[in-house]
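Work out the full structure, taking the sequences as your base and the hints as a guide.
Protein chains: 2
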Amino acid sequence: MVYMMKLLAERPGEVIPLQHFAERFDAAKSTISEDLALVKEALEAQGSGMVRTYTGATGGVQYLPIPSPEEVRTTLEQLCTMLRDPSRILPGGFIYMTDIITDPVWSARIGEILAARFHAASPDVVLTLETKGIPLALMTARAMGIPMVMARREGRVTEGPSVTIHYISGSSRRISTMTVGLRALRRDARVLIVDDFMKAGATARGMVDLVSELGATVVGVGIFVATAEPQKKRVDEYVSLITLINVDEDARQTEVRPALTDNKE
Amino acid sequence: MVYMMKLLAERPGEVIPLQHFAERFDAAKSTISEDLALVKEALEAQGSGMVRTYTGATGGVQYLPIPSPEEVRTTLEQLCTMLRDPSRILPGGFIYMTDIITDPVWSARIGEILAARFHAASPDVVLTLETKGIPLALMTARAMGIPMVMARREGRVTEGPSVTIHYISGSSRRISTMTVGLRALRRDARVLIVDDFMKAGATARGMVDLVSELGATVVGVGIFVATAEPQKKRVDEYVSLITLINVDEDARQTEVRPALTDNKE
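Going down the list, the protein sequences come from chains A and B. Everything in the first sequence is counted per the working numbering, starting at 764 for the first residue and increasing by one. Everything in the second sequence is counted per the working numbering, starting at 764 for the first residue and increasing by one.
Bear in mind the hints are in silico, worked out from the structure with no lab data behind them. There are no misleading hints in this set.
Computed list of lysine-lysine pairs in DSSO-like fashion (alpha-carbon distance at most 30 Å, straight line): (1) B:803 - A:803; (2) A:792 - B:803; (3) B:792 - A:803; (4) B:995 - B:962; (5) B:803 - B:792; (6) A:995 - A:962; (7) A:792 - A:803.
Coverage of chain B stretches by chain A, computed from C-beta distances (three or more under 8 Å per stretch; other residues unrestricted): (8) 866-873; (9) 897-904.
Remember, predicted model here, so these are calculated numbers, not experimental data. For each residue, glycine too, the CB sits at the ideal point set by N, CA and C.
Next comes the structure, spelled out in structure tokens:
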């Protein structure tokens, strides 16, 4: 049972055939099923994670990490405390947060919280634009058991044929390009867009446009930190985990709070 | 015990205080220690993963996923089979492998294999250059319980003060730049460089130079796929998991094999 839990927790989202356990332990499938039921019970008693079993030829067992409301609250409070550190304030009122995003433990926690918010939307791929969104998008995809796709700022020969769009980046009002390989994003894909930061929402909007250009469907937009202003973003609906209210460069103070409700217009 | 394994497997590399388990289960630390011993035994009997306990104020328990030689062999064979698929051949003899790198399950497996190869070198940070190395570097860092740092091609205000070097990129002989934030990489860091692909080794060499410019130390270079030719790379020593021997565009054939020994000059 310990090894069973290890396999499930290490491969969240993946459907592992019962056959795999049966071979590994040289046990009957019925014994494995009983053990799985106990694992499921233990997990659900702790309120952390969900075990789903699927029957049939492609059947097996799948583990989805679902942080409890208490875990979500604690994690977001810890992240807010870290973000309030005055040493994070950079010239221009920017906040240094790359260390949090690129830390595997924090990015995994953020990814699991985002994943839990979007299970109901049933995405089959997570899309982000290079570069800083990648760790969070990868960890969100991991917690949902689906692939991640990186849009790039320039096409590359190693991505094969691609679709490119132009969009107006919010702050500089500059025309930027965004491209994604046709091999990476199928036309019937259900896409969850994930990014680390949103101010006006121009980048997220660019990704929404890129997805529609391909004929695929956006089923959600998940953001780690979104600014309170401008209140009206260039995407209609998004979920953010933390709201950045204000950065006072002179007083060296950053105002952030967990964003507990969805942002809908 | 099931929940214990879940916590450990979900947070590889992280040192989790015994106190955390004691509070969670409302049990004495001695009971927790006994249960941990059983978890350790079960894991080691399966030959997969290592549980380390640390005593003292900062003490606790740490889980390191260590794939068995059998698991490593199977994973690398599966990856080679995928890479041989003729539909991956792109114009110019490039191989499409972005889907593998950005798949959380595959990137986690590759990261665990790389991590296991470098535990002895005791790195305290994993460095990569944007963009395609990021998923593998993040998963390697995760399996070692250390942070990941992304070097960028251009400096950004959100990274704070940075160090920039120029290097000659291998194929195009063009002068490129590479930059890393001073906040991200400390002068006393022990750096493991990870990248998805190596041909001449110019990018890896650029990262080695960037690290020395900062006064930090490179303790290893880990690459997912390295080409057989040129045999002489621009870094002296590296570990690659798969060797790309030849791509025959006309015959639509790709020759790859697991690289089981280290590449030293």
